[in-house]
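Guided by the hints, dock chain R onto chain Y, whose structure is given.
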Amino acid sequence: MVFSSLTFLFAFLPITLILYYIVPDKAKNVVILISGLVFYAWGEPLYVLVMIASTAIDYTAGRIIHAYDDKPKIRTICLIVSLVMNLGLLGVFKYLGFIIESLNAFFGFAIPNPNLPLPIGISFFTFQSMSYTIDLYRRQIKVQKNPVSFMAFVTLFPQIVAGPIVRYEDIQNEIDHRTITEKMVGDGISRFIIGLGKKVLIANNIGLLWTEIKALDYGELSAVTAWLGILAFTFQIYFDFSGYSDMAIGLGKMMGFTFPENFNYPYMSHSVSEFWRRWHITLGNWFKSYIYFPLGGSRKGLPRTILNLLIVWTVTGIWHGASWNFMMWGAYFGVLIVIERLFLGKVLEKIPAFFSWLYTFIMVVFGWVLFDAVAPGTVGFGDMFSQVGTFIAAMFGGNGVFIDNTAINYIVNYGIIFAICIFGSSDVLKSIGEFIKKKAPVWVQYGFPVVNTVVMLASVAYLSTSNYNPFLYFNF
Amino acid sequence: MDKEKKKFTMTPAKLMIALFTIVSLVIPITTAVLPKQERSENENRTLAKFPSLVNQTKLDKAENFADVIGAVRWEDITVRDEDSYMDKIETYFCDHLAGREEWVRARNTMEMLAGKKEINEVYTLKNQMIQVFKDFDEEVVNSSLNAMNLFAETHPNMQCSLMLAPTAQELFSAEIPSYAGYLSEKTFIDECYKKMQGVTTIDCLSYLSGHKSDYVFYRTDHHWTSLGAYYAYCAASKALGYSSYGLDSFNIETASSSFRGTLYSKTLDNSITPDTIDYYFLASGEPTVKMTVFDGQEQTVYDSLYVRSFLDVKDKYSSFTGSNAPIVTIETNVDNGKNLLLVKDSYAHSLVPFLSKHYSKITMVDMRYINTDLNRFIDLDEYQQTLFMFNAISFSSDIHLKKITMTK
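Keeping their order, the protein sequence lines are chains Y and R. All residue numbers for the first sequence refer to the numbering used here, where the first residue is 1 and numbers rise by one. All residue numbers for the second sequence refer to the numbering used here, where the first residue is 477 and numbers rise by one.
For the record, the hints were derived by calculation from the structure and aren't laboratory data. Watch out, some of these pointers could steer you wrong.
Said to hold, decoys possible - On the chain Y side, residues computed to face chain R include the following (Cβ under 10 Å): (1) Leu79; (2) Gly186; (3) Asn452.
What the hints assert, rightly or not - Covered stretches of chain Y, as calculated for chain R (at least 3 residues, CB under 8 Å): (4) 37–48; (5) 93–101; (6) 187–195; (7) 398–410; (8) 428–434; (9) 438–449; (10) 456–465.
Unchecked claim - Quick list of in silico lysine-lysine cross-link-like pairs, DSSO-like style, CA-CA up to 30 Å: (11) Lys671(R) / Lys183(Y); (12) Lys214(Y) / Lys879(R); (13) Lys688(R) / Lys671(R); (14) Lys564(R) / Lys214(Y).
Here the structure is a predicted model, which means the values were calculated and not measured. Each residue gets a CB set at the ideal place from its N, CA and C atoms; glycine is no exception.
This is chain Y alone, in the form it adopts within the complex (with noise of 0.2 Å):
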């Protein structure tokens, strides 16, 4: 199930929050667990048991793990086979597809292709499950005996699908103890509906321009239409990622959970790496304590700090998806980030902070070309190179045009989105908030609850309306 749908809204959460507040707090977990299965199985419905599979092998590996405290070996086969599980699932239903084809592809192999549909979440729920089992193993954590708190845990519906990626360090004191306050509830409510209204309002419209424009010949793009398209798609991802981050956030709150912040206004970094600390934060925190520590982080000297980087950058691109565009999407990111490290960090701290800005800015657009310009479906890195080639030069006039009748229309019709897409990726609106909470009259505060309403019922009128299409032709 996803957030922004009607089912979810009107059937889904009003049903599992009464029953959520009324049952007795130890009962809560239940309700957690449950509804975590369905929100889930509404979308997976056989993958459910894949899910449930792994969070057992998880749980019995954790109980093992603290069982025999003092048996190094011991402990460390279950970790083992916890991590062989989790990214043995990873690897068969995420990358077997992209392995097989490029096998084929390389080596003129006829290896057929099972094509397993991604389960949904998978991404996110092996890698929660998996920093359980990590922790536990270097004994940052305590071993969770009971296995519905363990259950709930994984699959506490807000942040299933898409993150943030919780770990369980996060919410080890909340799983089994958690106040609820009517502050938590108010707070978490606006903060599901700002998350609600970016994904449905924002992002799903500026959308349809990249959308629109992704299906046109790269080859004939004026520049502006290109920029336009690849702005457009800059701005849909962070507000549809972010826009769920928020929805899951609020939603843990409603229900007494602190998920960790997954964004903080990353198009206002002055550095590429700085980019990185506000984008996906609780990925980025991951793959940190992970990879990039286990492999030495930056304490081994120069050449292997830079090999640590571009390791952990191009499987964060992997991460993102099977296929070779993602995987130069976190490359390119790698050689970035190594690049600041090595010196342009220090002139970006000095120039003024406009061009700071600027460059991170356009560094961070031309990976998104990298990761979205590519028709879906293409195997071949070639094809990879010449999509994303052709998008860049048009992007740079390559096509002889810079604005053409399709851009000037554009820019009509997607002008006043794109001015709140610039507004609201800023840290202003924040400001502003914060203002008016310190500085205004009481009553004011009152608008916040009223303006989220609104935000509310503006996003069920696009939710509820997607399907409305009169057909001008009788019974035709």
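Leaving out everything else, chain R in the frame of chain Y:
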């Protein structure tokens, strides 16, 4: 006294919780309680039914438990595709959400505020809605043109004409910015006409353009008004060989002034003035008519070209000769022996009342519903003239006209 009363203090958080609770409960409860509509008039379609996981026919035949299990559509919940049970639930919810039309209107208003000029392929000018002409498939158009040429060639005794009508977009083109990227209907019609062989082409565009400022197109519907059809009737007079009546020969009856047409259905914009539907009657007296509508199954006979019962429903344009039917035959007491075969789309419906003054018989055929030789329904030899009559936009995507070549 105050101490005993537990005082309720409002806080912004409480207000948020209250509002959220109200919205989250009122919407689903009203949706569940309100009676469900089966059809959406505006969308011209049947709304989704609540999905069932059980195959009822199989269940009725079930004799044991295994049969009952077998009657469940497991694939609807196990296979993840657009047809899954879960998606059907969401569709059902969207289709039947309480106040659906208001939600649509709210969304469209927000879209317009956000600067969108075109909603559901409708471009709204000041008090005028326009169906936009964005693209067409040249192959589709060519096969229609070839089919008409071939029909003319294989029926040498038939005098064939083609009239492609512009739509409001062409007449209002000066008010639509060129960057919007819409196609020119004039260019399209000219290109089509160039390819016609043995078929007389009728230029009704220049006739209509001359009356741009008159009420020739509905504001909220994609059709032309009776006045628009009148000018087309004048434009066709030479090719069809009649002398058209002057405007002042008609008495005009305003049959409805609350017509909101197909374009309104797409945007639900209430700010556009509803249209009037006018009937034009000859002051000197109308010919008597007998209109036979064949819907593919049975025939219904009317003694008028106007089916006034449609004036009471949303689809008021259908009061002109009734809604689209495969074959409509109009016999008049005009005693000149001229019979016209009219292969058409719905633009012809408001044109026919004018034409009927000059023909003994007019047969309208709608090729969308006919998949065979026309001779199975009518005797082609009775007709001296064939008029092909479409509006540019519907013609540009017409994939049915080519079936006319099946007619011997």
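Cross-check of the supplied hints:
1. Leu79: violated (33 Å)
2. Gly186: holds (3 Å)
3. Asn452: holds (6 Å)
4. 37–48: Answer holds; 5 residues pass the 8 Å Cβ test.
5. 93–101: violated (count 0)
6. 187–195: With 4 residues in contact (Cβ-Cβ under 8 Å with chain R), the coverage given for the region 187–195 of chain Y holds.
7. 398–410: holds (count 4)
8. 428–434: violated (count 0)
9. 438–449: holds (count 4)
10. 456–465: holds (count 9)
11. Lys671(R) / Lys183(Y): Violated, at about 73 Å.
12. Lys214(Y) / Lys879(R): violated (37 Å)
13. Lys688(R) / Lys671(R): Answer holds: Lys688(R) to Lys671(R) is near 28 Å, not above 30 Å.
14. Lys564(R) / Lys214(Y): holds (29 Å)
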